[in-house]
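Colleague: Residue numbers (the numbering used here), protein chains in the order written: chain A, 1 to 378; chain B, 1 to 378; chain C, 1 to 378; chain D, 1 to 115; chain E, 1 to 115; chain F, 1 to 115.
Since the hints were made in silico from the structure, they are not lab data. A virtual CB, placed ideally from N, CA and C, is assigned to each residue, including glycine. Check the hints yourself; a few may be wrong.
Residues from chain A that keep clear of chain C, each with C-beta distances beyond 10 Å, as calculated [to be verified]:
id : residue
1  : Val36
2  : Val43
3  : Leu46
4  : Ala60
5  : Pro178
6  : Asn256
7  : Ile257
8  : Leu260
9  : Asn279
10 : Asp338
11 : Glu339
12 : Pro341
Partial selection, computed: residues in chain A whose CB lies under 8 Å from chain D [unchecked claim]:
id : residue
13 : Arg104
14 : Leu107
15 : Gly109
16 : Ala110
17 : Ile176
18 : Pro179
19 : Thr205
20 : Leu300
21 : Phe304
22 : Leu358
23 : Ala363
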Amino acid sequence: MDLTSLVPELLKGFTHFKLGNGVMIFAALVLIYLAVFKEIEPVLLLPIGFGCLLANIPLAGMTAAEGMTKVLYDAGIKTELFPLLIFVGVGAMIDFSPLLAQPRMVLLGAAGQFGIFGTLILAIALGFPLNQAASIGVIGAIDGPTSIFVASKLAPELLAPIAVAAYSYMSLIPIIQPPLMRLMTTKKERMIRMDYAPKPISKKTLIFFPIVLTVVVGLLVPEATPLISMLMLGNLLKMSGVVDRLSKAAENEIINIATLFLGLAIGSTMEADAFLNWNTGKIMILGLFAFSLDTVAGLLFGKFMSFLSGGKINPLIGAAGISAFPMAGRLAAKTANDEDPDNFILMHAMGANTAGQLGSVIAGGILLSVVSKMLGIG
Amino acid sequence: MDLTSLVPELLKGFTHFKLGNGVMIFAALVLIYLAVFKEIEPVLLLPIGFGCLLANIPLAGMTAAEGMTKVLYDAGIKTELFPLLIFVGVGAMIDFSPLLAQPRMVLLGAAGQFGIFGTLILAIALGFPLNQAASIGVIGAIDGPTSIFVASKLAPELLAPIAVAAYSYMSLIPIIQPPLMRLMTTKKERMIRMDYAPKPISKKTLIFFPIVLTVVVGLLVPEATPLISMLMLGNLLKMSGVVDRLSKAAENEIINIATLFLGLAIGSTMEADAFLNWNTGKIMILGLFAFSLDTVAGLLFGKFMSFLSGGKINPLIGAAGISAFPMAGRLAAKTANDEDPDNFILMHAMGANTAGQLGSVIAGGILLSVVSKMLGIG
Amino acid sequence: MDLTSLVPELLKGFTHFKLGNGVMIFAALVLIYLAVFKEIEPVLLLPIGFGCLLANIPLAGMTAAEGMTKVLYDAGIKTELFPLLIFVGVGAMIDFSPLLAQPRMVLLGAAGQFGIFGTLILAIALGFPLNQAASIGVIGAIDGPTSIFVASKLAPELLAPIAVAAYSYMSLIPIIQPPLMRLMTTKKERMIRMDYAPKPISKKTLIFFPIVLTVVVGLLVPEATPLISMLMLGNLLKMSGVVDRLSKAAENEIINIATLFLGLAIGSTMEADAFLNWNTGKIMILGLFAFSLDTVAGLLFGKFMSFLSGGKINPLIGAAGISAFPMAGRLAAKTANDEDPDNFILMHAMGANTAGQLGSVIAGGILLSVVSKMLGIG
Amino acid sequence: MTDLTLQSLEITALGMGLVFGAIILLWLMMIMLTALTAEKESPADELIPGSTEPDPDPQAGFKAQAAALAVALALAEQGQSSARPLSTPPTALVSAWQLGMRTSQRSQTGSRGRR
Amino acid sequence: MTDLTLQSLEITALGMGLVFGAIILLWLMMIMLTALTAEKESPADELIPGSTEPDPDPQAGFKAQAAALAVALALAEQGQSSARPLSTPPTALVSAWQLGMRTSQRSQTGSRGRR
Amino acid sequence: MTDLTLQSLEITALGMGLVFGAIILLWLMMIMLTALTAEKESPADELIPGSTEPDPDPQAGFKAQAAALAVALALAEQGQSSARPLSTPPTALVSAWQLGMRTSQRSQTGSRGRR
Ligand code: NA
Ligand code: NA
Ligand code: NA
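Pulled out of the complex, with its shape left as it was, chain A reads as follows (with noise of 0.2 Å):
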């Protein structure tokens, strides 16, 4: 054996590393960063930063065909059921109650998605394709598996810098929203306190409300069925409280380990040759647009519905209504608690949220629906 002929072989992993390579590693760093001492996000952007930094270290074969990232993006994203899984367990952690309870308050959760159209149009116009804009307005969602879910159908050569730009943002909400908070609203508006003396909801309410949701969002809009079924799976294993077992499941192990391997396939396409264009510079700047639009949309909205009830609704919970359950509904009642020590608005607020939540799922599908149509695919 000739050792000279080795040399290359003993330095492939440096001969093979590119520029590219190195940019990426350092985003992954940053990811990292966010993740560990900000706190950003730290289950998704942890596993997303280290996917990011394998995909980028040369000839690991992490991403290649038989490589372990690809095993698990294939079993998990491919068919979508990883978003799927962890909807299973978000849903097992929201109550839907404080919008029972106020029902009217369900209309802050569509204006809230105005930033998914809003950046579609602003992305035709940046010269993207048609799938493309979507895939990129539905940033705006504000809702990671949503995100993930149409972009995986509709264009998943960017599925990653869009659940990059998705969860990076949602972590940034309280950094994102309350400057627009206050430019937005007056400090009268923002005083206005609401009385908290709803109905009061029944465990049966609470048991068929996910029931009925899935039904009727189902028949209205096929397209969202498998997020909004799953979210209200979920719900329906803690509402009926006779399958601890599921619930807990659904709760713990299903959405831990999907967010993991989440986390890790959807960091791995994150590739320097991939990743590293101009596109995903615009999609990050659409992402901020997308976010920043809905909030405001939001807060318009919320002014209207407070015109239209005499002054009885603060609309600071409109900001709540973009979904990023459930950072946005703490987020406003906190506003609103800062300018008056004695202002009370959270259940209004986690009201406005899940409502967000909702209305997220639902214009996901009707987007999915519009698009595909209009792409022919549908």
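For this one, chain A is given, so just place chains B, C, D, E and F with the ligands on it according to the hints.
Modeller: Okay, now just chains B, C, D, E and F with the ligands, sitting in the frame of chain A:
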């Protein structure tokens, strides 16, 4: 874009909705109702009902080529992985010491399988072909995973009604069995007390039992090996006492996740076109017959053993030999206790009940073997 | 139907039973005995033994095209998913601070890999082709997942005997190492006390370590990336402290389920025809040689470091550099303590032991790289 | 204005129209549902006045409180915590809010967080 | 009688015959097994007189009792429970039965349900 | 000496050389890493003097101790334990070692093992 052309697109959920879908959604609601409000086998009937709901929402795509429930079906039912994993968990929960303390009780586990073959005869008479008749007969095993395992091998097209019949009637055991018990036994027989001074069972015996049983049954009835071996693996994990991690995983994560996915996947086969026909109705009736015949045969054999023992055996424990573990065992003890508040035959009944579990798996394997041979597929 | 024609059908389990099956079932019982009654690596030897039992019950169909253990093998061994998932869990249980506090200990992790190459030479001499010889050599990594990962790439046909040798001897470490320790060191050497006043390790260091290590090893030895990265992912999940859910899932659900399935799948490859041959016997002997050579080389290097340090290093910690984490580390400390009850070298031994874990993975990757290159498959 | 831009505006109009349409139908559904399933008799235990803690599983509340107490004890002893669950559900959040009031009312001993 | 009916009767006779045959072999196996593996010496801890709680893991009994106690406490505090595990294994059932006797004998404090 | 034997010696020389080379680079990396990431200020809580219990999660230590205590109690009551975790990690081992010293210093009550 012509907006009027969109109307069919918007209403497609409704226009594709057939009467049969409505009927099946009603059936799904009944299953969910039984699970949630009557607590009838909720861990299975709730997911089955929800899966049925999803399968009958038109165009929802869950059961389509790449839909989630299709993915789960292919991963766990077609491969028979889910029923086998459930058996690992069940095995970890079974305790064979009451049976090992009174080995003759094992005979009751054979008597409780007459229902399988009686139902097969009746199904043949009703015009079912042999493979389907045998699958229907195995409802009389009165054990969910066994029924699913055999049916998925011989007649996968009947899996849904068979699974629904098996689990529904299993949960109706407290309604089906007591009248038959009172009909078939005299008050004097029901009042027979049984001494419980069995010989002690060593830990070594409890560890060797699942191993030896696997080998013996494996050699006698190779077709029963997958089921019996997974049941015994779970039992060995538990009894060995040295792999706490694994037995906990079997009893919790593995069985919970497999149960949820199995329920969803089976429910999703209940699409109106495939499910709504006379055969389903016949299967439901044949299933009830299977349960009744098993109970009667078990009681008759109990009376025979009582006679042989000179009246020292309470024939009620024969009804526990049908499997339906552990409800049937509890029920037999309760019936004796109702007749005479000082009569405790729980340990004997549990011995017969675990024997029934073994007998059901063995009978399922024998049925599979004989029928495969006759059909020339063995 | 002619009943006499059924006799062969009824006895098929026995008529297909070969002497080899009997031998292998006996071997399975020995493995289970060691696991249950001697508590030798029970979480692996029990499932391996049980899988071996199943593989040798004729016609049971578990290892057939659609059988359960075949499904598990294809899903987790062929894809290398199970050993990698186990490493995620192991990583979450490893603590690198003793090593980071005394970085020079890492050299002992290199010395403890001589056994890999020594065994390879011997295997070549015994007539094994290069790919098989290298797979046998990697038993000397003394780390289960590394052995399985390398063997499944280079010589999957030898997976079963290699895995059995690796795990059996690993559990015999307390019997294999002490005589060699006493043989290779003087009483005076064994009594050397080591100060433990290392420099403090910050939380930041513990978080950066797994990340930097992944990149450095990934660039140096791309073939080691899958193993090292999953080990480091688990460690990062734990050390970051922000993803409690995920690190708990890694340490519990993920590793437990992967371990059970891996054991069953590997055991199921121990079918008599494939397993019972001289090669298996040779591999068992070569494996013992690998363990011994590793220990001797580690001790010699420990003596060398002791000499260089002017007698401040206890050479016993060299024996902990073989990997076999964490038994070897504990054993080295115990041996020193037996000689002098006031001598505590546990922290130093654990540093060397974690170094051995890293060295084993790196050596496995290097072996894979060099041998693949030579065989022209790299 | 290009065809594409027109198309995107159409999608927006159609999409938001459908979203509002669907949501309004949901609103009606919720009103009907709450009306139809409201408890006639009002046993205090069954009626949960818009609480975010519906206690379908009556132990859940107990567990949540026990867990919260256990966490509080642990925090008091340790000074800080960096453990962070996956996007804390609102139940936990609001429960913590309610916990303050409840714990002041009851003095429970021996509570323990179980899985 | 048709051929099919005859065939089904044959299957029944053969099937039940084989079931009884296999079960009788199991019976013999169990008798031999219990005879061969019976403990010669009889340390009270090792011999479990037909108990359904074989305690292969000695902590299991403790855990089951601790869990049962914890549940009992929780129930007492909450009034009712609708949580229902997957087809409760008989061990749990009989343990509950035995629990009554045991708890009356021992007064244990500090028990805690762990996973 | 055959070609094959020569080849295997070559692999050994090359392989062990590379292993030592890689390990030496790791050594340098570790020295640099610890130097670069060492805490300048030294708040006692942040600096863990080579402890095997780095407490990235400050509750971990507490939990480990609580669990250890719970196990100890259980063992004391039951007499023996055959439960055995998957190759006990060294943390647990060394923690147990440190536990002795720590428990002698603090008298903690109400600790409970949680998941
Ligand atoms: Na939204
Ligand atoms: Na039966
Ligand atoms: Na090694």
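Colleague: All hints are to be evaluated individually against the structure, with a verdict given for each.
Modeller: Okay, the hints, checked on the actual structure:
1. Once the 10 Å rule is applied to beta carbons, Val36(A) is inconsistent with being away from chain C; the minimum gap is 4 Å.
2. The beta carbon of Val43(A) is not kept farther than 10 Å from every beta carbon of chain C, the shortest such distance being approximately 5 Å.
3. Annotated as non-interface, Leu46(A) brings its C-beta within 10 Å of a C-beta of chain C; the closest such distance is 6 Å.
4. Interface exclusion of Ala60(A) from chain C breaks down, the closest Cβ pair being 4 Å apart, not more than 10 Å.
5. At roughly 23 Å, the least C-beta separation between Pro178(A) and chain C is larger than 10 Å, which holds for a residue marked as non-interface.
6. Remark: the non-interface label on Asn256(A) conflicts with the geometry, its nearest Cβ contact in chain C lying 4 Å away (cut-off 10 Å).
7. Distance check for Ile257(A) against chain C: the nearest CB is about 6 Å away, which does not clear 10 Å, and the non-interface claim fails.
8. Look at Leu260(A): its CB is around 5 Å from the nearest CB on chain C, not clear of 10 Å, so calling it non-interface is violated.
9. With a closest Cβ-Cβ approach of about 26 Å to chain C, Asn279(A) is found to remain outside the 10 Å limit, as its non-interface label requires.
10. Non-interface status of Asp338(A) relative to chain C is upheld: no Cβ of that chain comes within 10 Å, the nearest being about 26 Å off.
11. Residue-level check passed: Glu339(A) sits 31 Å from the nearest beta carbon of chain C, beyond 10 Å.
12. For Pro341(A), the condition that its CB be more than 10 Å from all CB atoms of chain C holds, with the nearest at approximately 30 Å.
13. About 7 Å separates the beta-carbon of Arg104(A) from the nearest beta-carbon of chain D, less than 8 Å, and the hint is met.
14. With a cut of 8 Å, the hint placing Leu107(A) at the interface with chain D holds, because the nearest CB-to-CB distance is about 6 Å.
15. Contact between Gly109(A) and chain D, as hinted, is supported at the beta carbon level, the nearest pair being about 6 Å apart and thus within 8 Å.
16. For Ala110(A), the suggested interface contact is upheld, since its CB lies about 4 Å from the closest CB of chain D, less than 8 Å.
17. At its closest, the beta carbon of Ile176(A) sits 17 Å from a beta carbon of chain D; the interface hint therefore is violated under the 8 Å criterion.
18. At a threshold of 8 Å, the smallest CB-CB gap from Pro179(A) to chain D is about 23 Å, leaving the interface hint violated.
19. Hint on Thr205(A) holds. Least Cβ distance to chain D is approximately 4 Å, under the 8 Å limit.
20. A least Cβ separation of about 13 Å between Leu300(A) and chain D goes past the 8 Å threshold, and the interface hint is therefore violated.
21. Taking 8 Å as the C-beta cut-off, the interface hint given for Phe304(A) is violated, the closest approach to chain D being about 13 Å.
22. Evaluation of the Leu358(A) hint against chain D yields a held restraint, the C-beta minimum of about 7 Å falling below 8 Å.
23. Hint status for Ala363(A) relative to chain D: holds, with the closest Cβ pair at about 5 Å, below 8 Å.
Of the numbered hints given earlier, the model fails hints 1, 2, 3, 4, 6, 7, 8, 17, 18, 20, 21; all others are met.
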